[in-house]
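Novice: One-letter residues, chain by chain:
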Amino acid sequence: MSVAEADTGAPEQELGDVLLTVKDLKKHFPITEGILVKRAVAHVKAVDGISFEVRKGETLGLVGESGCGKSTTGRCILQLDPPTDGSIIYDGKDLSKVSRAEMNKLRELIQVIFQDPFSSLNPRMKIGDIIAEPMAVHGVEPDAEKRRARVSELLTVCGLNPRFADRYPHEMSGGQRQRVGIARALSMRPEFIICDEAVSALDVSIQAQVINLLEDLREQFNLTYLFIAHDLSVVRHLCHRVAVMYLGKIVELAESDELFDNPMHPYTQALLSAVPVPDPEVEATREHQVVKGEVPSPINPPPGCVFHTRCPKAVASCQTDVPVLRELRPGHWVACTEV
Amino acid sequence: MAALLRIQDLRTQFSTSSGIVKAVDGVTYDVEEGETVAVVGESGCGKSVTALSIMRLVAEPAGKIVGGKIMFQDQNLLDLDIEEMRNIRGRDIAMVFQEPMTSLNPVLTIGMQLTETLLQHLDITEEAANARAEELLGLVGISDAKRRLAQYPHNLSGGMRQRVMIAMALSCEPKLIIADEPTTALDVTIQAQILELMKDLTRRLGVALIIITHNLGVVARYANRVNVMYAGRIIERGDAKEIYHNPKHPYTLGLLRSVPRLDQPRGERLVPIDGQPPDLTRLDDGCAFRPRCTFATERCAKEKPPLEDLGDGHLAACWEKDNVGLNAGKAS
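Chains as they are written, first to last, in the numbering used here: chain F, 1 to 339; chain P, 1 to 332.
Incorrect hints may appear among the rest.
[Said to hold, decoys possible] Covered, in the sense of this in silico footprint (three residues per stretch, anywhere, with C-beta under 8 Å from a C-beta of chain F), are these stretches of chain P: (1) 188-201; (2) 207-220; (3) 242-256.
[To be verified] DEER-style ranges, computed between Cβ atoms: (4) F:Q289 with P:G206: 22 to 28 Å; (5) P:L205 with F:Q289: 20 to 26 Å; (6) F:R124 with P:Q8: 44 to 50 Å; (7) F:E171 with P:E60: 24 to 30 Å; (8) F:R124 with P:P61: 28 to 34 Å; (9) F:V41 with P:T16: 45 to 51 Å.
For the record, the hints were derived by calculation from the structure and aren't laboratory data. Ideal Cβ positions, reconstructed from N, Cα and C, are used throughout, including at glycine.
So that you can see chain F by itself, here it is in the shape it has in the complex (with noise of 0.2 Å):
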């Protein structure tokens, strides 16, 4: 994908402005071989050339199965893993040129939740002390007083009660982690969230409490999400647009409904075939187009199409010409020429 097809890649549309602008974004990790002296031998293309824009206030969602590189897109965006290529403009900012000074202050603004409750809290510190270190880090609270009133008042924003910033994470349940791990993120005032699966875990009594929980705490705090999931339904349910992946790029983009609606790209109709949906006679009429193999190492993708060795419309073309994504309907964009 060319830089200039990149460009135009994320469709203007008069809802808020662009809060982050993804813009041909690769990120390769090298496989190194050799003990004293290592050299690259291969590389992992987890993400291979993606623009998207985030507007403020929406929620867009980046679905695609494990290795698609959705999780790889959500740590570049956070700066955790340098990019290989391209570039992340935050809100007039581009990333990867500011000072390390600006990068610590953008930080604030841009949080994250992470998938696993377990494993993304400290077990030795008190659900307070987790909460309120980002504050104290960031020296946005030095008064230790004011901290703990806004731990309080953060951990009843998220339904949780006061009383546990005493305990530890272990006396707590998964949905009432991840709840900690949303109250983490809320304490630094942030404008962007990267909810990395951050229900995945859950139950589904509890996903569909701390899904409302999201709602309710980006329409309060005017917050704009990104969401990375691999669970369709919850994406639906959430997002406005969504951008489906598939080894490292974008293959299809669109509003919510419209992409569910009408999925153009044979890998989206694939996967939402695949999704079951819990009612018996809905299944019973649904056809289930089952998609054959799986998905190929990135370290060596198909050339041409990424998806043309699973898909049931290739043509001889797709085994060398890379599609572009193009716009066929307005704001719908897919990265197919056999659609």
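Chain P: place on chain F using the hints.
Specialist: For chain P alone, coordinates are given in the frame of chain F:
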């Protein structure tokens, strides 16, 4: 038709430092020959422990089956000694576990693991076992079987490993397969492949299947009958259609309302079940779902509701079942 498996009032407990956990607290259900029965519930509801109890694989001495019967083809599995049970495991009843990463032995080849069951249960030569193993891999859709048999689990992807697990389960032509969250660790497209494979094979070979899952979509797509579990008990049972369209237990109703659906547009608010699942060491005489239930009355605090027949094989364990329905409380 006679039931292949009949579980009666099964009770399995674990002793822990914080008290006795009643993981399975009086579970009764049966499975007929060739049918697919689902057991649905959230973490800790006892669905997996029920399965382990059937296989007599509950980790002793902490865990113990303290009551009930598991009748399989007219014999009570709980009366069998270790040797007799070992003859049934893998031959008549096979199990597919959730984690294809940890349920295969990493230092043995796929071939050795596949033929182990065959050599244990069937009176065949090693050559015949190898031939059968190749045939089984073909059956579960793994090409290039000869090469795969010589490989180790780490050479295979997650989906492939789960196919190997299914091949192992099928190897001795069992009458019943228990699949405990068989696709939870897999991606959706691979999940669909594995579930279609299991459905196809169990139908073709007439194997009964107990599918244990938390995914209501999977149940809707694949099961004939559904058992819903909560806090160690079955709280509702019936035909899949009946359970989804006419739930009579507030927990089932709550579950259905709290799942986001792929076929519904965004924006509609989910109705979660408030609160947390109960602590299984501190269950009282009342209904375990009471603290989270919007229908609860005083009676619910005093007596545990029995699983009562509502006709047509639909059973529910709720005192207020006549008031529960998709239209109750909220316009649906």
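Novice: Next, verify each hint and record whether it holds.
Specialist: Results of checking the hints against the structure:
1. 188-201: Answer holds; 7 residues pass the 8 Å Cβ test.
2. 207-220: Holds, because 7 residues of the stretch 207-220 of chain P bring their Cβ atoms closer than 8 Å to Cβ atoms of chain F.
3. 242-256: holds (count 5)
4. F:Q289 with P:G206: 22 to 28 Å: 27 Å, holds
5. P:L205 with F:Q289: 20 to 26 Å: Between P:L205 and F:Q289, where Cβ atoms are some 25 Å apart, the hint holds.
6. F:R124 with P:Q8: 44 to 50 Å: Because 47 Å falls inside the window, the suggested range holds.
7. F:E171 with P:E60: 24 to 30 Å: Holds, since F:E171 and P:E60 (Cβ atoms, about 29 Å apart) stay within the stated range.
8. F:R124 with P:P61: 28 to 34 Å: 32 Å, holds
9. F:V41 with P:T16: 45 to 51 Å: 50 Å, holds
Consistency note: the structure conflicts with none of the earlier hints.
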